[in-house]
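*Asks:* Chains as they are written, first to last, in the numbering used here: chain A, 1 to 257; chain B, 1 to 257; chain C, 1 to 247; chain D, 1 to 220; chain E, 1 to 215.
Just so you know, these hints were derived from the structure itself, not from any lab.
A portion of the hints provided could be inaccurate.
Computed cross-link-like contacts, SDA-like style, restricted to lysine to any residue with a CA-CA straight-line distance of at most 20 Å [to be verified]: (1) B:Lys78 <-> D:Glu118; (2) C:Lys7 <-> C:Ala205; (3) A:Lys78 <-> E:Arg51; (4) B:Lys78 <-> D:Tyr44; (5) A:Lys78 <-> E:Ala127; (6) B:Lys33 <-> B:Ser231; (7) C:Lys117 <-> C:Pro56; (8) C:Lys144 <-> D:Arg82; (9) B:Lys78 <-> D:Arg82; (10) B:Lys122 <-> D:Leu49; (11) B:Lys23 <-> B:Tyr72; (12) B:Lys135 <-> B:Ser231; (13) A:Lys78 <-> E:Ala49; (14) A:Lys192 <-> A:Glu56; (15) B:Lys23 <-> A:Asp140; (16) C:Lys176 <-> E:Asp9; (17) C:Lys117 <-> C:Thr142; (18) A:Lys192 <-> A:Gly137; (19) C:Lys117 <-> C:Ala183; (20) C:Lys144 <-> D:Pro87; (21) C:Lys7 <-> C:Ala43.
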Amino acid sequence: MGRTAAVEIRRVDKFYGEFQALKQIDLTIPPGKVTCLIGPSGSGKSTLLRCINFLEEYDAGEIRIDGELIGYDAPGRKMPARRLRQMRRSIGMVFQQFNLWPHMTAQENVAEGLIRVRGLRKADAAARAAEALRKVGLADKMSSHPARLSGGQQQRVAIARAIAMEPRLMLFDEPTSALDPELVGEVLNVMKTLAAEGMTMAVVTHEMGFAAHVADQVGFMEAGELVAVDSPDVVLRAPSDPRILAFLRTYHERNAF
Amino acid sequence: MGRTAAVEIRRVDKFYGEFQALKQIDLTIPPGKVTCLIGPSGSGKSTLLRCINFLEEYDAGEIRIDGELIGYDAPGRKMPARRLRQMRRSIGMVFQQFNLWPHMTAQENVAEGLIRVRGLRKADAAARAAEALRKVGLADKMSSHPARLSGGQQQRVAIARAIAMEPRLMLFDEPTSALDPELVGEVLNVMKTLAAEGMTMAVVTHEMGFAAHVADQVGFMEAGELVAVDSPDVVLRAPSDPRILAFLRTYHERNAF
Amino acid sequence: DQLDDIKADGKIVTATDMHYAPFDMLNNGTYEGMTKDLFDEVAKELGVEPVYQDIPWTAELPGLEVGKFDIVIAPVTITPERLERYTFTPPIADATVSLVKAAGNDELQKPQDIAGKTVGVQQGTAQFRQLQSYGEELGGVTVKEYGTTDEAYADLAAGRLDAVAGSLPNLTYLVKNRPETFALFEPAQFGQPTFFAWVLRKEEASESLARAIEDAIATMTEDGRIRAIQEKWLGGYTELPLTATSD
Amino acid sequence: MDAGLLQQYGPMLLRGFGITVFCWLAGTVLGMALGLLVALIQRYGPRPLRWLLQVYIEVIRGTPFLVQLFVLYYGGPLIGLRLDALPAGLLGLTVYGSPYFAEIFRSGFNAVPAGQIEAARAIGMTETVIVRRILLPLGLVSALPALVNFSIILTKETVILSIITVPELMYQVQRMSTETFRYLEANLVLALFFWGLVETISRAGRRLETRITRHLIERG
Amino acid sequence: MFSIPTFLDSFGPLLWAARYTLLVSGLGIALGLVIGALICAAALSRRPAWRRLAALWVSFLRGVPLLVQLLLMFYLLPVIGINVPAIAAAVITVGICASAYIAEIWRGAIGALPPGQAEAAAAIGMAPRDIWTRIVLPQAVVMSLPALVNELILLVKASSLVSVVGILEVTRASQAQAATTFRPLEVYLAAACIYLLINLCLAGVGRYLEHRMAV
Ligand SMILES: Nc1ncnc2c1ncn2[C@@H]1O[C@H](COP(=O)(O)OP(=O)(O)OP(=O)(O)O)[C@@H](O)[C@H]1O
Ligand SMILES: Nc1ncnc2c1ncn2[C@@H]1O[C@H](COP(=O)(O)OP(=O)(O)OP(=O)(O)O)[C@@H](O)[C@H]1O
Ligand SMILES: [Mg+2]
Ligand SMILES: [Mg+2]
Numbered sequence: 001m002g003r004t005a006a007v008e009i010r011r012v013d014k015f016y017g018e019f020q021a022l023k024q025i026d027l028t029i030p031p032g033k034v035t036c037l038i039g040p041s042g043s044g045k046s047t048l049l050r051c052i053n054f055l056e057e058y059d060a061g062e063i064r065i066d067g068e069l070i071g072y073d074a075p076g077r078k079m080p081a082r083r084l085r086q087m088r089r090s091i092g093m094v095f096q097q098f099n100l101w102p103h104m105t106a107q108e109n110v111a112e113g114l115i116r117v118r119g120l121r122k123a124d125a126a127a128r129a130a131e132a133l134r135k136v137g138l139a140d141k142m143s144s145h146p147a148r149l150s151g152g153q154q155q156r157v158a159i160a161r162a163i164a165m166e167p168r169l170m171l172f173d174e175p176t177s178a179l180d181p182e183l184v185g186e187v188l189n190v191m192k193t194l195a196a197e198g199m200t201m202a203v204v205t206h207e208m209g210f211a212a213h214v215a216d217q218v219g220f221m222e223a224g225e226l227v228a229v230d231s232p233d234v235v236l237r238a239p240s241d242p243r244i245l246a247f248l249r250t251y252h253e254r255n256a257f
Numbered sequence: 001m002g003r004t005a006a007v008e009i010r011r012v013d014k015f016y017g018e019f020q021a022l023k024q025i026d027l028t029i030p031p032g033k034v035t036c037l038i039g040p041s042g043s044g045k046s047t048l049l050r051c052i053n054f055l056e057e058y059d060a061g062e063i064r065i066d067g068e069l070i071g072y073d074a075p076g077r078k079m080p081a082r083r084l085r086q087m088r089r090s091i092g093m094v095f096q097q098f099n100l101w102p103h104m105t106a107q108e109n110v111a112e113g114l115i116r117v118r119g120l121r122k123a124d125a126a127a128r129a130a131e132a133l134r135k136v137g138l139a140d141k142m143s144s145h146p147a148r149l150s151g152g153q154q155q156r157v158a159i160a161r162a163i164a165m166e167p168r169l170m171l172f173d174e175p176t177s178a179l180d181p182e183l184v185g186e187v188l189n190v191m192k193t194l195a196a197e198g199m200t201m202a203v204v205t206h207e208m209g210f211a212a213h214v215a216d217q218v219g220f221m222e223a224g225e226l227v228a229v230d231s232p233d234v235v236l237r238a239p240s241d242p243r244i245l246a247f248l249r250t251y252h253e254r255n256a257f
Numbered sequence: 001d002q003l004d005d006i007k008a009d010g011k012i013v014t015a016t017d018m019h020y021a022p023f024d025m026l027n028n029g030t031y032e033g034m035t036k037d038l039f040d041e042v043a044k045e046l047g048v049e050p051v052y053q054d055i056p057w058t059a060e061l062p063g064l065e066v067g068k069f070d071i072v073i074a075p076v077t078i079t080p081e082r083l084e085r086y087t088f089t090p091p092i093a094d095a096t097v098s099l100v101k102a103a104g105n106d107e108l109q110k111p112q113d114i115a116g117k118t119v120g121v122q123q124g125t126a127q128f129r130q131l132q133s134y135g136e137e138l139g140g141v142t143v144k145e146y147g148t149t150d151e152a153y154a155d156l157a158a159g160r161l162d163a164v165a166g167s168l169p170n171l172t173y174l175v176k177n178r179p180e181t182f183a184l185f186e187p188a189q190f191g192q193p194t195f196f197a198w199v200l201r202k203e204e205a206s207e208s209l210a211r212a213i214e215d216a217i218a219t220m221t222e223d224g225r226i227r228a229i230q231e232k233w234l235g236g237y238t239e240l241p242l243t244a245t246s247d
Numbered sequence: 001m002d003a004g005l006l007q008q009y010g011p012m013l014l015r016g017f018g019i020t021v022f023c024w025l026a027g028t029v030l031g032m033a034l035g036l037l038v039a040l041i042q043r044y045g046p047r048p049l050r051w052l053l054q055v056y057i058e059v060i061r062g063t064p065f066l067v068q069l070f071v072l073y074y075g076g077p078l079i080g081l082r083l084d085a086l087p088a089g090l091l092g093l094t095v096y097g098s099p100y101f102a103e104i105f106r107s108g109f110n111a112v113p114a115g116q117i118e119a120a121r122a123i124g125m126t127e128t129v130i131v132r133r134i135l136l137p138l139g140l141v142s143a144l145p146a147l148v149n150f151s152i153i154l155t156k157e158t159v160i161l162s163i164i165t166v167p168e169l170m171y172q173v174q175r176m177s178t179e180t181f182r183y184l185e186a187n188l189v190l191a192l193f194f195w196g197l198v199e200t201i202s203r204a205g206r207r208l209e210t211r212i213t214r215h216l217i218e219r220g
Numbered sequence: 001m002f003s004i005p006t007f008l009d010s011f012g013p014l015l016w017a018a019r020y021t022l023l024v025s026g027l028g029i030a031l032g033l034v035i036g037a038l039i040c041a042a043a044l045s046r047r048p049a050w051r052r053l054a055a056l057w058v059s060f061l062r063g064v065p066l067l068v069q070l071l072l073m074f075y076l077l078p079v080i081g082i083n084v085p086a087i088a089a090a091v092i093t094v095g096i097c098a099s100a101y102i103a104e105i106w107r108g109a110i111g112a113l114p115p116g117q118a119e120a121a122a123a124i125g126m127a128p129r130d131i132w133t134r135i136v137l138p139q140a141v142v143m144s145l146p147a148l149v150n151e152l153i154l155l156v157k158a159s160s161l162v163s164v165v166g167i168l169e170v171t172r173a174s175q176a177q178a179a180t181t182f183r184p185l186e187v188y189l190a191a192a193c194i195y196l197l198i199n200l201c202l203a204g205v206g207r208y209l210e211h212r213m214a215v
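Sequences and hints are given; from them, build the entire structure.
*Replies:* What follows is the structure, given as structure tokens:
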């Protein structure tokens, strides 16, 4: 794994037609740290994540990966596709809807990027894919196609696919939504290891416990705004903002049993 | 809402080719009660749920809704499509992958079944769809197509679509996986109301807190087997089976913060 | 000059539609027929090798005009309009329009009997024009046009037509092949005498070639080669004029 | 093309074009309807019928239209089936197009994600409603360009109707060219008319396409 | 009435001519698939110039009948000094014409692919060529197989038009045969059998692929 990456987001706006999905977002994701994004449904978390690797074009502001502006050469002028591709090679992503390739087996899904992007030979890629799938507990489903996997199994393939690429920056969009508590624990451990190895991570999650345990900083979004960014101790354990308090209340009520 | 329904599952087996996804499942879902199914990823929870409304054909055993065998007239002989359809009309389902109809708006997604299955007039159906969407907090996204909705918004449309049909039996497959804690709380409230009104519910979930608070009984599945079925107090708060203990451990560690 | 070029190359490139029995036929992929026998001899007279190409009729004259081949050796009926646009060789066969009917149709005997009947003919041919004016003379004949004579024959067999008009050599050959289905009128011919000939470009460069072919045909008529070939394919001999004219 | 020629042949050509358009439209609409029926029976019908339709598809699709038309028109009377040119042409065009349309519909149906059909089945929708409300609209998304494609191909198959003396455009153009030797002009006329027709069809197709896919091509 | 000997005798010369039908349609298909993929890629490209080019390509080639294209290729190109042998002209024209239809079929299938899959590939920096050949086309090809086989079968039959440039393929041979025997019905039916045979093979391959590649 190479040098680690930092993300700087400055005054980013994003519109879908009339609808403003992101409003003047300012956020620094420090290198080698885990940043969790929490917030209500539809508040723009996925949109923000997708702006970071420029899957979504932001309309104003700047996003820099290690100081390099992503997506644009200058305001309003898009960067050459080649450079964008180059930048994306060091960024991994686990999608909220997984986006597995249905015509490939679990193993092929993971190996594909290794072969085409990292340039590994087929046999090496297959071995590394098998290794990554073993890590997420899918040793026995390596040759199944996505349609024959359960929801949680699909999600783990998606995680393995991203991890195997060993990116310097990883974007997780609700990576544990379909996982049972035990697996959530395991994925959490995998992520802790990766963090320890210096991978920068941005994680959108609804699992407050997950955020509380793994995050170095937590951002709370609402209605397209980043309401608060701070350590989990501040945001989750001692929030002052009434919106965050309301957000967390039902959670605590329910999870204490 | 009509009379409530009970489900009896007796010695059900399900094979995918060689692979046995369900092994001799025995389970009674009592009328007007909430039954939660928990268990590791790939243990067969979705498969069992899908067998109940015969989206998946089971290979052995019997599943009866209110005493009536679903799917088969006699062992090995499928029931007429007409009768199966009739039975399904009183069963609702929220899918793990939502399965929204992409060519219809949120409101149309909800209204469609009301018009085509319940026979409501268009205007009435639209009104009731709007009402259901309001309940899940989507009043402002009624005329958006699924592709323009966030993950949690899509899931809520799926929930509204099922609820609006007012089935006597509802099958939820991880209905809160994409929802934030606040919304989980709201959906939980909706479900409590429905249960109070006498709807029978089977809920697959990874949210232990959810199960603990809303379930009348909890079933724990592993590797295609139903390992334990009992009240949440027994299964979740004082489990004796080491597998359940292991399953819950990380959860408690993580969620106490 | 075209003739010089041909001589220099040692070959003359021709085009014909190889499904026009008995003139042009493909027998298991081999070209044969009266045209071939005739042109083999003409080429011999010119001292060059003939190159035969099978080109559908619709593409022949356009191809000739852009110089894809030196000569069209499909039998083309000489008409005043065509004479204006192309150079014709001397006639190579009789093309006088004739009539064929279904075998066993006793109602129709002589050409005049087609009055008030439906008669098929190939679209845009000289035979078509003659049939039409003959029909007017008789006070009304329904003329149906077909893309090729094959379809007209098929419709005659299917009973939608009472008769088909075409050139005598073609019809003779047809009846010889399917006597159980088709029969000639008695007499078969009804129109002005017309002739088939070959076609060259109407340009100065082609004139010497045209003259050379004219000479060749004259020689072949004299030494009886034409007669032998006609008898082989048509079963009889008709004396032909030695220059291309249409009355 | 000079004015005299236009005056002489213009009306004839226009009439021919009218007949071409009529044959194409009728053949496409009827062929599509028959094809849809075949595709639906293939999906829902009993096994023997499905098997029979498979044979129908392969035989009709695998043989040239020219031969089918020839057999229908010139061979039909041999077994007592005597049709006029235009009805024979329309019948031929409809039957000829149907297996192609059936296969296009089948591939469109296959592209509809199973989950979306399951969601409809799970609430007890009848298959008829599912076909109308889910299968067709979603299947059309991927099938539309292929449908337009084949409709365009059918425009060109109409020229074959000339062999059974339907006085469509090709028939008239051939007549004009054999009578006047204006081959280039004749082919130009043919090309122009067809280009106009095809361009109209593909434009209409594109418009329909943007209309039905507008909501689908966003992020997944 | 129906002459069975004529029907049977026709097979000899027709099968011989089938060489050219196979040659022209086979090479035409290969060419059409390759160019079709490129045109489809252009049609879906980000660059408006590429898209316009693709639209023009499709519009021209679908708009002008293949017969006219062949005549242009064969009779007009020589006028501007380019002379191609008949068989090459035929293959190139047929292939180019098919590419327009094939591109449209694929475009439709690709439109039905969930966009998330290409996104997942783009997100790890896969080159467009790889996204195209590894993610998009394999799925689009499977999804569009029935429509594609349709098109290829049409192409086999349309190859009969190459007779205008002097190539003796099945249809042309059957016309010749019909003109000598004066029994078009029998001869054309024999020709139909040969086309059917070729096309059954194509359909069979299509079904097989559909079966094998279905997931
Ligand atoms: N293509 C689109 N067109 C219009 N609006 C869109 C589009 N995509 C997303 N939106 C809107 O943008 C808002 C933010 O969406 P986003 O997916 O970022 O939410 P989120 O925070 O990830 O929510 P969730 O937790 O439910 O996944 C939502 O209100 C959504 O409806
Ligand atoms: N179509 C199929 N073919 C083969 N195996 C299948 C198929 N569908 C599911 N399976 C297997 O059956 C098992 C049970 O799947 P199921 O979807 O019921 O799991 P689950 O308990 O819902 O898991 P999760 O919590 O991850 O959604 C899994 O191991 C899965 O791989
Ligand atoms: Mg999201
Ligand atoms: Mg599941």
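*Asks:* Determine for every hint whether it applies to the structure shown.
*Replies:* These are the hints, each one checked on the structure:
no.	hint	verdict
1	B:Lys78 <-> D:Glu118	18 Å, holds
2	C:Lys7 <-> C:Ala205	14 Å, holds
3	A:Lys78 <-> E:Arg51	19 Å, holds
4	B:Lys78 <-> D:Tyr44	16 Å, holds
5	A:Lys78 <-> E:Ala127	17 Å, holds
6	B:Lys33 <-> B:Ser231	11 Å, holds
7	C:Lys117 <-> C:Pro56	31 Å, violated
8	C:Lys144 <-> D:Arg82	17 Å, holds
9	B:Lys78 <-> D:Arg82	48 Å, violated
10	B:Lys122 <-> D:Leu49	37 Å, violated
11	B:Lys23 <-> B:Tyr72	19 Å, holds
12	B:Lys135 <-> B:Ser231	29 Å, violated
13	A:Lys78 <-> E:Ala49	17 Å, holds
14	A:Lys192 <-> A:Glu56	28 Å, violated
15	B:Lys23 <-> A:Asp140	19 Å, holds
16	C:Lys176 <-> E:Asp9	19 Å, holds
17	C:Lys117 <-> C:Thr142	6 Å, holds
18	A:Lys192 <-> A:Gly137	17 Å, holds
19	C:Lys117 <-> C:Ala183	17 Å, holds
20	C:Lys144 <-> D:Pro87	17 Å, holds
21	C:Lys7 <-> C:Ala43	11 Å, holds
Comparing the model with each earlier hint shows violations of hints 7, 9, 10, 12 and 14; every other hint is respected.
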